[in-house]
Amino acid sequence: MSAPDNNHEHDSTTDPANGHENPGLPYHRPRRADQDPKADKKAERQVAALFGISILGTVIALWAYFSMNDADPGEVSEIQQVNMWIGLGLFLAMIGIGLGAIHWAKSLMRDHEMVEERHELRSSDESREGAIQHLKDGATDSGLGGVKRRGVLKGSLITALAIAPLAVLVPQIGNMGADWNVSKFRHTMWGPGVRLARDPDGALIRAADVTIGSVFHVIPDGLNDLDHHYLLQEKAKAVVLLVRLDPQDLNLQEGREDWSFDGIVAYSKICTHVGCPVALYEQQTHHLLCPCHQSTFDVANGAKVVFGPAKRPLPQLPIAVDDEGYIVAQADFDEPIGPSYWDRLKGGDSVPADTSEEGGH
Amino acid sequence: MGAKLDRAASGTANYVDERTSIGGFVKFFARKIFPDHWSFMLGEIALYSFIILLLSGVFLTAFYVPSMTEVHYEGPFATMHGVEMTEAFASTLKTSFEVPGGLLIRQIHHWSALLFIAAILVHMCRVFFTGAFRKPRELNWLVGFTLFVLGLAAGFTGYSLPDDVLSGNGLRIIDGIIKGVPLIGTYTSYWLFGGEYPGVDIIPRLFTAHILLVPGLILALIALHLFLVFLHKHTQYPGGGRSHRNVVGLPLFPVYTAKAGGFFFVVFGIVALVASVFTINPVWNYGPYDPSPVSAGTQPDWYILFVDGLLRMWPGWLFGLPTEWELWGYTLSLNIILPAVIVPALFFGIIALYPWIEAWATGDRGEKHVLDRPRNVPVRTGIGVAFIVFYVLLVIEGSNDIVANLFHLSLNDITIFMQWAIFLLPPLAFWITKRICLGLQRKDRELVLHGHETGTIVRYEHGEYVEVHEPLDAQETWLRVSYENYTPLEIEPERNDHGVARNGYRWDRFKQRLSRFYFEERIEPVTPAELEAARHHHGGASAHGKSDAAEAESADKRLDAEWNELDGDAKK
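Line by line, the protein sequences are chains A and B.
Just so you know, my numbering puts the end of the first sequence at 361, numbered straight through with nothing missing.
Just so you know, my numbering puts the end of the second sequence at 572, numbered straight through with nothing missing.
A portion of the hints provided could be inaccurate.
Covered stretches of chain A (in silico footprint by chain B; criterion: 3 or more residues with CB under 8 Å from a CB of chain B, positions within the stretch not fixed) [as the list claims (entries may be wrong)]:
1) 35–48
2) 101–113
3) 166–177
Calculated pairs, BS3-like style, for lysine-lysine (alpha carbon to alpha carbon, straight line, at most 27 Å) [as the list claims (entries may be wrong)]:
4) Lys106/A to Lys233/B
5) Lys32/B to Lys106/A
6) Lys106/A to Lys38/A
7) Lys434/B to Lys32/B
8) Lys27/B to Lys233/B
9) Lys233/B to Lys434/B
10) Lys557/B to Lys135/B
11) Lys106/A to Lys41/A
12) Lys106/A to Lys434/B
Because the hints were derived from the structure by calculation, they are not lab data.
Beta carbons: idealized from backbone N, C-alpha and C, even for Gly.
Whole structure, please, built from the sequences with the hints as guidance.
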């Protein structure tokens, strides 16, 4: 704490008058309605008129509700019109009361200011001492204060109170995370031979259909047959963008030379920043742009980050073409897709939970 | 009022009072004095928009189904026919299209949520810039701050409930941020979503938070906030007759009952007007949640933009170095936790603790009930403006795609500009604001000492020209001389006379540095002696000048009359 001298300087609630004299309240100018009975009557009529507008507004809102009940719910504009009229009625109903009350207060109620004294918030020394004495007495009555310390009693009570919530919290928190099998983040529906299909209709894609410069939004074949719940969960991980570049423009990445097919490459659509779909493809520059935070990935160069907040390239899906000419995956992604997380590089395929997961769905 | 009615009223009052002793309560409250100023309405707007949220929210719960069970849409809205969606989305469509007035209430709810947070922020600015957070109100500042954070939580949980594409993507970003938290992130995400994102639990869970947990806390804290306002009595702006020891204003009943009560209806009316003519969140155009599609130009609600701006601004690679690190096989995503967790936490933390920071600098322990004029605390005002600039830059960056589109700028250029501006502009804003405040204080001194310029120039016989100055009246003077004139703290030396070091010196030293930062550069208020001297000096001149001015004016009039006469003759 600072030096006591210092505190005293400002300790009392002094007015910052800097030696000047407070001139007191300024002259109060009476209003017209205070002096002129005509103005008073006029203000009264105005207030009543405002309340009248409110009544009219309520009538409009009710009229709109009942008279427009036959609006076609398929027509957005008709629905919007009903709602607009109810809303305008409500507006008048509310603003009439509000402005009326305020006008009443401003023109007819007292406007000559009054003064009330404040009192320091601090309780008096007397009541402070009294409070402390009561607490001391209470502590003595409980047997905790005074001579007996009762350390064991205090310790056991505090421990009991501290851990008692666990009896509810542990089951609650434990249950909320379902099976807690976070290694599911590592796996998607993709695997050897899974065909690439169009999002959302599920039509299969032949290599011949993919012209240079075109982009396909892709889901794994069979995704649409899943239950809605699992469909969204799997789709959130499995969506892929398929792009065909002029093979001359495509710089194959080391160790991934055979992951593409004649200029066709497939990358995870989920941004490595915080997981938005990287949905915008710029044909001229081969750049993929995430519309959420504008991470930009260069498809021609292994989807490396060229701008924005993402650090890692988009994971690449190794693809090939099967006997019937359809594009298929060679394997699942070799890393978890989407945003980074603490144990992203941990818990490889050796985790036993993996095997049970297949049947789990 | 008839005698019968009188009797009934007093009977009821007696009945209630005998069972509650409410009489004392009414006596205490009914004529409580509140000072008047337009800026005291800002907090009321926040309170009233919350009440509107409760009212419209009750309406909405009658039709909304918080379920992620899949349905095929069979309702009247043709575009969505047969589309798979959750019951949450389907019931939102039903509320909009099949419940007359439902769309209006949805829009009232959304608009008042936007207004709620905006009003809280502006109210916080008012409290900050006028120093209303000073003793004894520091705790109430914290309560208000917590209300702001809870307001954000309420907004966020509600935004996700329709389960449309936009809100789903918003949730996915939240999931990505949570996963970026070291150690616990992965499991926290699992805990929140009940497994893998998106799962089937998140909507019901958010619903409970949105309609029970968060509003319950908000209600409790609003009660505490208002209780403390009553306990402390409201602050007042400086002026004649006002001091730290009194409150000058008008009684709660009837004046503020009418004004504040009426103002609720005004706020409700305006929200209703906006909601009936401006569409917001037309989820039927966005479609149900699907993890794949997203479109450019999608924005969160405005109060989330600052976090989004930080996320957009923070580069994945900084001068060739990654901001996501892999350490001993674990991934530390600084590009997520710094912008989305740590910077907002620091920003909010400083705001929450500000009253104590300033109290360290002033060393003042007195109760402060008269508000500061922002100019009289230049450093505080500068800090406030710097924070606002910081925040606004983030909000702009959070909608950089819209800005780029609107002004035909390069998106990347905006982000690069912002990356520099966020460091440079807030300090610049601080400096400029502080200079402006000091300038205004000098102007106040000048006015007090020399009076108002009247625009009347007089020429003395010896050829000197002077402008006549009108001295300020007592009220005008008081407003400009009555402010806290803090000087930097003086502390005791580190060692006493015996050369023994004392405890707490370093803490004192810190407070002294802080105090110097605040008060080293200051404009002293005019002292009574200075005022006296100036009046004396000018008094003669002014009286002299006045008579000269009167003389000049009469001469003017005479010349005018002569001219008019000549003019009239000429016209004839």
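Taking the earlier hints as the rules, which of them does this structure contradict? 1, 7, 9, 10, 12
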